[in-house]
Amino acid sequence: MAQYPSDLRYTKDHEWARLLDDGIAEVGVTSYAVEQLGDVTLVDLPEAGSDVQAHERFGDIESVKTVSELFAPVSGEIVEVNDELEGSPELVNEAPYDKGWMVRIKMNDPAEFESLMEPPGYEDFVSKIE
Amino acid sequence: MPGTATKGVELAQKLIFELGSEGRRGDSLPSNDDLPPVDPAALFGAAHREAPAPLPEVSEPELFRHYVRLSQQNFAIDLGMYPLGSCTMKFNPKVNEWAARLPGFARLHPLASDEGIQGALEVMYRLERGLAEVCGMDHVSLHPAAGAQGEYTGLMMVRAYHADQGRSPKKVLVPDTAHGTNAASCAMNGLKAVGFPVAESGIVKVSDIAPYVDDDVAAIMITNPNTVGLFETHIQEIADLVHDKGGLVYGDGANLNALMGRVRPGDVGIDVMQFNLHKTFTTPHGGGGPGCGPVGYKSILDPFAPVPVAAKREDGTYFLDYERPKSIGRLRGFHGNFGMMVRAYAYLREMGAEGLKGATEMAVLNANYLRARLGDTWKVAFDTTCMHECVISDRHLKETGVTTMDVAKRLMDYGFHPPTVYFPLVVKGAMLIEPTETESLQTLDEFVDAMEAISAEAQRDAAIVKNAPTLTRLRRLDETRAVRNPILRWTEPAEPTAEAAE
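Chains as they are written, first to last, in my numbering: chain A, 1 to 130; chain B, 131 to 632.
Warning: the hint list may mix true and false statements.
[Claimed, not checked] Just the calculated beta-carbon pair ranges, DEER-fashion:
#, chain 1, residue 1, chain 2, residue 2, range
1, A, D83, B, K300, 28 to 36 Å
2, A, H55, B, R460, 41 to 49 Å
3, A, E56, B, A314, 14 to 22 Å
4, A, D83, B, E609, 35 to 43 Å
5, B, G482, A, E56, 48 to 56 Å
6, B, Y342, A, E35, 45 to 53 Å
7, B, T621, A, S115, 54 to 62 Å
8, B, P327, A, E35, 16 to 24 Å
[Stated by the list, open to error] Facing chain B, from chain A, some residues (calculated, C-beta under 7 Å):
#, residue
9, L45
10, D60
11, K65
12, T66
13, N82
FYI, nobody ran anything at the bench for these hints, they're computed from the structure. Glycine included, C-beta positions come from ideal geometry on N, C-alpha and C.
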């Protein structure tokens, strides 16, 4: 698996988004974020049904090193939350693009998804971080 | 090998619940035959315990050995250098303990009349005046039980001040280098912490906050020196900007030990601040006793101060003044954590004005000495004169795979407590190092030698550092598992069955 899967889009806050059917975006954090965080110990997510704004905080992620905020890549309504992370936060470390997904957002404006970074752009962005 | 770590006999120790035996006692209480009988069930109602609590039953020597052995498994400031950053001073002078244990202080009853506790009230009054002088404030309240409660109190007074003017601004500006407690104090007060990013130089510029300052700003909270150990040089301009819009300036006094005697927060536009007595005035850090986080404030906030206040009459006697109709009220039972006030006052008097200034200068000099010497080997995060602490990172070890956490663990093998790691968040792989005013040049050099040795080890054979610590009683702990599956309660092991015993 490539470090940054080609079907995903990325943000400068190190979240990824995957386009599902019906204008729904699945959201998680990138393998770069996971590498920086170290072992994840807690993922604090909102309830399904809450609204989020692009670039605004929707939750927190805690690791043995630090606590970071999670920022939404797109605006919309959270229609599903990955409840498994509550008992098994290690899924974020083990499979950040798969079982470690966090929320699914019904997008208000699908154009927002298109404006996110594609893999080469994100890879370039990451390579410039010290 | 640099450092002071060596080997010695260390005794294993069980939990106290696993020691002793039924009926063993370490105390002898006088008989209560001549006292009137009491019916505990009637006295305590539903809270009355039917069977005795399953407490450990041990003799006095067992008890002492247990705790002394545990203390030997720990690292303490009385054993070696503790360069944890963002914690400031770690010195607990022994004379403070003598003063706080004087029977006239230690045995006071909290309900005693003002006439019966004149000495204690005088200490409170004098400590308030002394702290006010140090920080350039008009008044000080000694009530808050810790720095965090001090922040909470200060913001409550800010809120009351605005309400008194018929306003209810909701925003509190907090730089992204702020202590986590700042945002919590805002939330507890129903205010909204609005974070703003700080420029690459590490200090707040007027242009950083100008876009955020409007009529809805209740206050800005700013720590000076800030959490990366840099002096906020634009503090006066920032204060003017916020004041112009009707907001107040809250100064987080957590790092006051780098300013005392040199700069008074009250002189550079700060309206209200908290002291953390354990960070600046030698009272014990967390776990060493209760805390005390006095709040200093300008006269405009005096009507809203917590009650009671230790006050002095014209005839020279002292009393507790409750007369403040607009007060935010009472924060704590009785008069705050008085024992901490005695310790802080003892230090204040022992040092005097020149002594406090000297402590500040030594804290800053020591930090800069470490920054300069460590900078030969390690990547210094901000290449400028620092205040009481400096930030380095693991960047130069990137190719070796050795991280800040590994370095922290390896330092234990050299006999040093690790510094604060992965904080401040704005520096990747940060180590926040604070030598404090009390460490000698020899100790600082030993610390640098150890850090240089670790860097060399990482480059020669990373496994040495990755597998550390090796000399400690326990090897590297599984911190992840400890957080994911904490076991916080001891349970008695099941009785072994006959089969199992075979």
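For each hint, the structure was consulted:
no.	hint	in the structure
1	A:D83 / B:K300: 28 to 36 Å	holds, 34 Å
2	A:H55 / B:R460: 41 to 49 Å	holds, 43 Å
3	A:E56 / B:A314: 14 to 22 Å	holds, 20 Å
4	A:D83 / B:E609: 35 to 43 Å	violated, 25 Å
5	B:G482 / A:E56: 48 to 56 Å	holds, 52 Å
6	B:Y342 / A:E35: 45 to 53 Å	violated, 33 Å
7	B:T621 / A:S115: 54 to 62 Å	holds, 55 Å
8	B:P327 / A:E35: 16 to 24 Å	holds, 23 Å
9	L45	violated, 17 Å
10	D60	violated, 12 Å
11	K65	holds, 4 Å
12	T66	holds, 5 Å
13	N82	violated, 17 Å
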